[in-house]
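Q: Here is how the chains run, residue by residue.
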Amino acid sequence: MAERLEAKHRGGTALAARKVEYGDNDDPEEICFQRDWTDGLPVTPPTDVRVLRMLSGTKRRPDETIGKIPPYLADCTIEKVAINAVLAGCRPEYMPVLLAALEAALEPVFTWHGVLATTYFSSPIIIVNGPVAKRIEMNSGINALGQGNRANATIGRALNLIVQNVGGGRPGEADRATLGAPSKYTLCFAEDESDPEWEPLSVSRGFPRGASTVTLFQGHGVEAVVDQKSRTPEGLSRSIGSSLVKIGHTRLTQSARAVFVLSPEHYAIYREAGWDRKRIERALYEATIRPGREILAGADGIGEGVPASRADEMVPKFHEDGLMVVRAGGKAGLFSAILPGWLAGRNRLELQPVTKQIRE
Amino acid sequence: MTTWLRDPTAETSSLKRARRAPPASLAGLTVGLFDIGKTRSDEFFNQVEKRFVERGLKVKRYGKPTNSKVATPENVQKVADEADVVVIGLSD
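Protein sequences, first through last, are from chains A and B. Quick note on this note's numbering: the first sequence kicks off at 1 and runs consecutively. Quick note on this note's numbering: the second sequence kicks off at 1 and runs consecutively.
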């Protein structure tokens, strides 16, 4: 109501973005399609009232510039973020999460331009930790990587709409994805922090317990890992490792990171054995080290692989910090999931996941 | 009633002017006939002009030399200044 009065009283002067006028016979949702503001799904038309309401979700000034959005390095104000958040269907209380995600994406080491422009499948994957996830009712449980939760669906969508609308990164233009992935619409979820013994992803990345954070990862999803029979943490780790080595190509090594989404039933096997995050991540790393001679280029007529000079080496699939384990999922199902990273990480330091604290 | 949405882009593309409502009647208006430069367009427009004049309308002819190039802004501006409505035509 307050936003409605403000919009009416100030006659549209409260906002700086230009007005796109339409008449009585026009359908505003269709105008959004005609002007190429959508990701292919219908969006919420950004009226003054909705944009003002969205801006009420942050204390930051609408005219503050948050950064330059790739690929065309356009200045992006908080107001433009809010307009795209309206398009995506966000609620105002999601704004601090979206703004933190945007700041993470703008860190040079996130290489957002490359993630957008690549022929590969990747886009930003958003993982939320801390009390904000509960406050905005994010899903970390059953179907956490799927549809049905507004915050999960729209925060990720808003970030992708910003790179499209503000940055100009449109599919088939600067976005050169050969096939793309459904995760380019949105892939955003919260970590399950219900077990006090589990070290949350945010804490493993240097933030205090109780802090709300977003972690952005360059990847796509989802690849299934099924093991309904292993009952020891050692066996389960080797089993998961046999799936992890396949990302990209089974013979490609040290070129991609991965997020491993550990489901409750798989986690129970580790927990009962007293394994913590560090031990699980180390075991998975070791389970993906293979003799070079088993993955040689040219063997069986397959061109991919490591050069013959590495035949006697033990070759890791990942860099030592290349795996991030995140807990999520419903209580039933001995399935976990891999979110494979962008195959551009030959230089470990060139691109990295980024974690930012959420300022509320 | 005219209302608006807020532009979510970086505003680097042109903003289309809202389309003017079509006139209820052509009485007293100047009709522009704009020949885009395709072969035999003049024959087509000669017939159109004849019909409009028979109905008592004022007609002005415009055009550009070739269909392979867009109209210059000056050319378009001249039409906008002098005509109330315009028929843009092609032919082959």
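In case anyone wonders, no lab produced these hints; they're calculated from the structure. Just so you know, even glycine gets a beta-carbon here, dropped at the ideal spot from N, CA and C. Be aware that one or more of the hints could be misleading.
Chain A side only, calculated, beta carbon under 8 Å to chain B, not exhaustive [stated by the list, open to error]:
#1 PRO71
#2 ALA74
#3 ASN165
#4 VAL166
Q: Now look at each hint and say whether the structure bears it out.
A: Results for each hint:
1. Residue-level restraint check for A/PRO71 is violated (minimum Cβ-Cβ distance to chain B is 11 Å; threshold 8 Å).
2. For the restraint placing A/ALA74 at the interface with chain B, the shortest Cβ-Cβ distance is roughly 3 Å, inside the 8 Å limit, so the hint holds.
3. Because the beta carbon of A/ASN165 sits about 4 Å from the nearest beta carbon in chain B, less than 8 Å, this interface hint is met.
4. This hint holds: A/VAL166 has a C-beta 5 Å from the nearest C-beta of chain B, less than the 8 Å allowed.
The structure is inconsistent with hint 1 alone, although it conforms to all the rest.
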